[in-house]
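Since chain A is already given, all that's left is putting chain B on it; use the hints.
Protein sequences appear in the order of chains A and B.
For the first sequence, my numbering assigns the number 113 to the last residue and increments by one with no breaks.
For the second sequence, my numbering assigns the number 1114 to the last residue and increments by one with no breaks.
There's no promise every hint is true.
What the hints assert, rightly or not - Below, simulated DSBU-like cross-link-like pairs (lysine-lysine); rule was C-alpha separation at most 35 Å, straight line:
1. A:69 to A:52
2. A:69 to B:1057
3. B:1057 to A:3
4. A:3 to A:54
5. A:54 to A:69
6. B:1009 to A:3
7. A:69 to A:3
8. A:52 to B:1057
Said to hold, decoys possible - The following residues of chain A were derived to be distant from chain B, with all beta-carbon distances above 10 Å:
9. 10
10. 14
11. 34
12. 57
13. 81
In short, the hints are calculated from the structure, not lab data.
Think of the CB as a built atom: it goes at the ideal place given N, C-alpha and C, for glycine as much as any other residue.
Listed below, chain by chain, are the residues.
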Amino acid sequence: LAKTTQPISMDSYEGQEVNITCSHNNIATNDYITWYQQFPSQGPRFIIQGYKTKVTNEVASLFIPADRKSSTLSLPRVSLSDTAVYYCLVGARRGGGYNKLIFGAGTRLAVHP
Amino acid sequence: DSGVTQTPKHLITATGQRVTLRCSPRSGDLSVYWYQQSLDQGLQFLIQYYNGEERAKGNILERFSAQQFPDLHSELNLSSLELGDSALYFCASSTGGGGTDTQYFGPGTRLTVL
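Only chain A is shown next, with the shape it has when bound in the complex (with noise of 0.2 Å):
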């Protein structure tokens, strides 16, 4: 199972980019890596996810290096309401069998003023 490790937390100021990094050494070929926002006592929701080198949307860019061990996902001029926890996932498309969903501890970001 991949696991994850994140910073506990960050701090930023508005307008800054934040860049939040995940690890995941024991990726597994078929895993992709998704990252979620969740804001107190919210369900967490869906951002950005990505396999390899770089995807962007509207709201993140995800940054993925070839050996694939560990992830960044950049927030362009954070503004307050970003405050929130952000979790890094690694899971796969297994056909048929078992597929453990692993959140990690996730980074509480701070965006202050």
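Showing chain B alone in chain A's frame:
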């Protein structure tokens, strides 16, 4: 609004009791997942069902059980409740059953065991 509904929103009960949490997935989603989140803790995956069948199992206690019904809604049953079972219980749904499918989370059920 993710389209996933969970009831009840809050539940307060006593130790030793049994409760049932209910989840209705998004329209068209076949997979339902259950997670437990204790205060200031990460998400602990409990169990996944896909189209009525158990697909994956996480750290679910023997006192807990779940099922997915033909209409695809799911119930999580928690019995012989202990103080430590107090937590937020989230349900999520996805279209397919694989680990790459985007999960859509419900608002959660907050369980308090006194």
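Hint by hint, work out which the structure violates, then give me just those numbers in ascending order. As far as the earlier hints go, only 11 is violated by this structure.
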